[in-house]
Amino acid sequence: MIPCIESGTPGFEELTKSDDGTGGIPENSSTLIYGPAKTGKSIFSNQFAYKGLLNDEPCLYITTDQGIKQLESMMFDLGRPIEKFIENKTLYVIDTTSNLSEGKPQQTKNIISSHIDNPTDIMVKVGVGVHYVNTNNTRFRSVIDSATTLLTYNENMLIIRVLKAYLMRINEAGGTPIIIYTEDSADKIVETMLKSMVDNIVRLDGKELTIEAMKGIGKRSSPYQITDQGIVI
Amino acid sequence: MKKTHIPKLDDFLGGGIPEGSSILFCAVPGVECEAFGYQILNGIIEDGNKGFIFTNVAEPDNILYEFNQYGWNLEKYLDEEKAFFVDGSSYSIGLPPMGKYSIDEISQIEGVITKAINDVPNGVGVINNLSTLIDYLEEDKIIEILNKWNKHAKEKNTILVYIFTKWDYDPKLIKDIKNSVDCVVSLTSIEERVIIGQGFMVTSASWTKPSKNMVLFFVLQPGGVKIYIPKILVTGPYNAGKSSFVKSISQKSVSVERMALEKFPTTIAMDIGHVDHNGFVADIFGTPGQERFDLMLDVLAKESVGAFIIVDSSAPQTFARAKDMINKTQAEAIPKIIVANKQDLPGALPPEQIRETMKLNKNIPIIPTVIKENKGVEEALNTLLKLLYGD
Amino acid sequence: MIPTIESGIPGFDELTVSEITEGGIPEKSITLIYGPPKTGKSIFCNQFTYHGLLNLDPCLYVTTDYGIKQLQSNMMDFQWFIQNYIQNQTLYIIDGISRLSGAKLEDTNNVKQSSVGNTSDMMVKIGIGTRLVYKKSNHFRSVLDSLNTLLAFNPDQMVIRLLKAYLRRIREAGGSGIIAYTEGNANQETENILKSLFDNIIRLDGKNIHFEFLSEADDKIYNFKSTYTITNKGLVMKKK
Numbered sequence: 009m010i011p012c013i014e015s016g017t018p019g020f021e022e023l024t025k026s027d028d029g030t031g032g033i034p035e036n037s038s039t040l041i042y043g044p045a046k047t048g049k050s051i052f053s054n055q056f057a058y059k060g061l062l063n064d065e066p067c068l069y070i071t072t073d074q075g076i077k078q079l080e081s082m083m084f085d086l087g088r089p090i091e092k093f094i095e096n097k098t099l100y101v102i103d104t105t106s107n108l109s110e111g112k113p114q115q116t117k118n119i120i121s122s123h124i125d126n127p128t129d130i131m132v133k134v135g136v137g138v139h140y141v142n143t144n145n146t147r148f149r150s151v152i153d154s155a156t157t158l159l160t161y162n163e164n165m166l167i168i169r170v171l172k173a174y175l176m177r178i179n180e181a182g183g184t185p186i187i188i189y190t191e192d193s194a195d196k197i198v199e200t201m202l203k204s205m206v207d208n209i210v211r212l213d214g215k216e217l218t219i220e221a222m223k224g225i226g227k228r229s230s231p232y233q234i235t236d237q238g239i240v241i
Numbered sequence: 004m005k006k007t008h009i010p011k012l013d014d015f016l017g018g019g020i021p022e023g024s025s026i027l028f029c030a031v032p033g034v035e036c037e038a039f040g041y042q043i044l045n046g047i048i049e050d051g052n053k054g055f056i057f058t059n060v061a062e063p064d065n066i067l068y069e070f071n072q073y074g075w076n077l078e079k080y081l082d083e084e085k086a087f088f089v090d091g092s093s094y095s096i097g098l099p100p101m102g103k104y105s106i107d108e109i110s111q112i113e114g115v116i117t118k119a120i121n122d123v124p125n126g127v128g129v130i131n132n133l134s135t136l137i138d139y140l141e142e143d144k145i146i147e148i149l150n151k152w153n154k155h156a157k158e159k160n161t162i163l164v165y166i167f168t169k170w171d172y173d174p175k176l177i178k179d180i181k182n183s184v185d186c187v188v189s190l191t192s193i194e195e196r197v198i199i200g201q202g203f204m205v206t207s208a209s210w211t212k213p214s215k216n217m218v219l220f221f222v223l224q225p226g227g228v229k230i231y232i233p234k235i236l237v238t239g240p241y242n243a244g245k246s247s248f249v250k251s252i253s254q255k256s257v258s259v260e261r262m263a264l265e266k267f268p269t270t271i272a273m274d275i276g277h278v279d280h281n282g283f284v285a286d287i288f289g290t291p292g293q294e295r296f297d298l299m300l301d302v303l304a305k306e307s308v309g310a311f312i313i314v315d316s317s318a319p320q321t322f323a324r325a326k327d328m329i330n331k332t333q334a335e336a337i338p339k340i341i342v343a344n345k346q347d348l349p350g351a352l353p354p355e356q357i358r359e360t361m362k363l364n365k366n367i368p369i370i371p372t373v374i375k376e377n378k379g380v381e382e383a384l385n386t387l388l389k390l391l392y393g394d
Numbered sequence: 005m006i007p008t009i010e011s012g013i014p015g016f017d018e019l020t021v022s023e024i025t026e027g028g029i030p031e032k033s034i035t036l037i038y039g040p041p042k043t044g045k046s047i048f049c050n051q052f053t054y055h056g057l058l059n060l061d062p063c064l065y066v067t068t069d070y071g072i073k074q075l076q077s078n079m080m081d082f083q084w085f086i087q088n089y090i091q092n093q094t095l096y097i098i099d100g101i102s103r104l105s106g107a108k109l110e111d112t113n114n115v116k117q118s119s120v121g122n123t124s125d126m127m128v129k130i131g132i133g134t135r136l137v138y139k140k141s142n143h144f145r146s147v148l149d150s151l152n153t154l155l156a157f158n159p160d161q162m163v164i165r166l167l168k169a170y171l172r173r174i175r176e177a178g179g180s181g182i183i184a185y186t187e188g189n190a191n192q193e194t195e196n197i198l199k200s201l202f203d204n205i206i207r208l209d210g211k212n213i214h215f216e217f218l219s220e221a222d223d224k225i226y227n228f229k230s231t232y233t234i235t236n237k238g239l240v241m242k243k244k
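Residue numbers (the working numbering), protein chains in the order written: chain A, 9 to 241; chain B, 4 to 394; chain C, 5 to 244.
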């Protein structure tokens, strides 16, 4: 029996059901969400984070492209407002974008800012974040959106090592991480290393969602759509 | 001269390491070497000097932990500023650096180590380890940097200790590295299918003619590098000449009766000797030949690094018993040789015939001897040593 | 006839019968198991290990992608319970990655922590581990899962050196080894060098399994192909 947690994407559980599991994302396992640009990877991950928050599972969210304000606004548009989770501090965001236009980025106990080109600083803050979300709950989720940007701004192998360390930490703490990556955005070897590091691989190509690998089940796929309510399978 | 605080090493080096010298610990992969660097650093700091550790293989945190395991208090030295880290490992895994100096790019290493040397005049710097640098810098650059560091250390009277794992690099590179330092200590393994022991020996030293002795060691936690005096077993059927053999190879020996061994409440006669042959030091244990002492043979075989099995060449009826004893020592995978004694007696079988009769494997040497006339004894000893150490 | 050992994969030993083997993996040889990501290589290694342990073959397991806790959990997914074997010391584990998670684990007699970034230290522990399993039985198995994380933390050259030293150790002691590697984690040149170091090669691509070994006896390359699936009991070969 492989324990799973709810994915937050309608239809995903049916797709991943098996004799050994109820469907969803296997708990405490790591997942790579990848595919060409603009296929809904961020949306999938945000739905995943939100579902957890609804179930009282804190989320450690590392964002590289959208600052906290953009994230808030995007989630609101999806019908999944996150304001109250920021307030009750179950959503912990590490914002690595540099919002030059907004001056000094807001920082509270659970909205932390860092810099995309300083992976060491990001990791330190991840360490603090893991400790923070872990104190009240061993079950938590984590999202990195996205690995592509990290790879663009830093030496590739360093990011691979940093991601490995990140996955080890989240796993040790009992969390379930998701990493987003845009296909072909880095060199082939780096991409293969990313795929090797995770337990599950999900590909979204705009039309079809393919489970390329997942603990407990074989390859599956299904068409999906991006609606104004988010992704639906 | 600074003491290394490694047992026996100071003796081999003529008292210690002169200030400003460089020493390379060159280890075969699989042999423990880090402890040497840490033990020297610990000792020199305790003697009242300063030191630094450059690391590119372990985070400073881990090294602190290791020091604790050895029973040495690095944290105190760090607090008192007698020691500091040069962190060359954290940057490559995205961890915040820990230490007085750190590098975030390989090109900085030359300058940073030079600064560190400046900070510990008359002290010590440990580079752990050199092998990991080789892949990041070109071969001639490595030699150039080594020479620069060593020259600088000489000016500041700082001792530099390099830890180096001798992977299968280009032999010329290894030679050049060895020639760039004042002293090379080789760390090697004693093998019989698997590593059964580790040894170190000084292969070169610019200030003294080093003693070419190999010393077996192990690394204890707590404790650090400790010398290990191996046991050699001398066994064989009754009356084959074991006692004589032990007396013959030992500088001093004693026949002990009624040993106070808790496991064996009976009265037993056992020969114990101590050999010091060309720098090889060992304790010799000659067992009684009777079957009722086989339990002891079993125990001693477990603790021995090698064995002599003495047989009476003129008494083939005892060969079966000898074979039995060989099997007991075989089980422990230790190197062994057969000493075919009493070659002077009528009816004594030559070694090849003994091998055939006993159906012995070709790789177990058989040395013919007449122990009471001291014939063949030295050859037997040298043969076993060759099995043990390979040279 | 070349002596072989049981692979532990249902159907594999039957598939690989030939003129010179009774089927299974040639004894005292070293096998590379490789293929695209997530095709069951780790599962194969674990299945191989567990089957050996059941048959009283001790195992030296070097884990660099998964920490020991994850390894135990991965094994448990298939009902392979290794706690007893850890306890009776027939399973010797070298964990090269848990340190990265910040976990402070104590070494025991047969479970050692090391670091993928410190290849010298890994070799020291491999040396000690080989001795301990060899003492238990000279029919021992060894697994290295996998080269991937080693390649992420060390230059290719260093990984090759470590691999050579490790293979030498296992061969010297007469063990049967399997090493896993994900295709595409290194450049072509390195991959070619890696492949050249092994006696046998198994490739898993998600559906097909291809086993190849070079027999020294008659200097021929033996090839076996089949298909497989991953079930909740591990890998299973499909009958041809």
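Source of the hints: derived by calculation from the structure; they are not laboratory data. Because the structure is a prediction, the values reported are computed rather than measured. Among the clues, some could well be false.
Derived DEER-like restraints, expressed as beta-carbon distance ranges [to be verified]: (1) C:G178 to A:K117: 36 to 44 Å; (2) B:E306 to C:E26: 35 to 43 Å; (3) C:K199 to A:F84: 24 to 32 Å; (4) A:H139 to C:I24: 32 to 40 Å; (5) A:K97 to B:P10: 32 to 40 Å; (6) A:I234 to B:T117: 53 to 61 Å; (7) B:N366 to C:I24: 46 to 54 Å; (8) B:Q111 to C:K199: 53 to 61 Å.
Quick reminder that beta carbons are idealized off the backbone N, C-alpha and C, glycines included.
* Asked: So which of those numbered hints doesn't the model satisfy?
  -> The structure breaks hints 1, 3, 4, 5, 7, 8; every other hint is satisfied.
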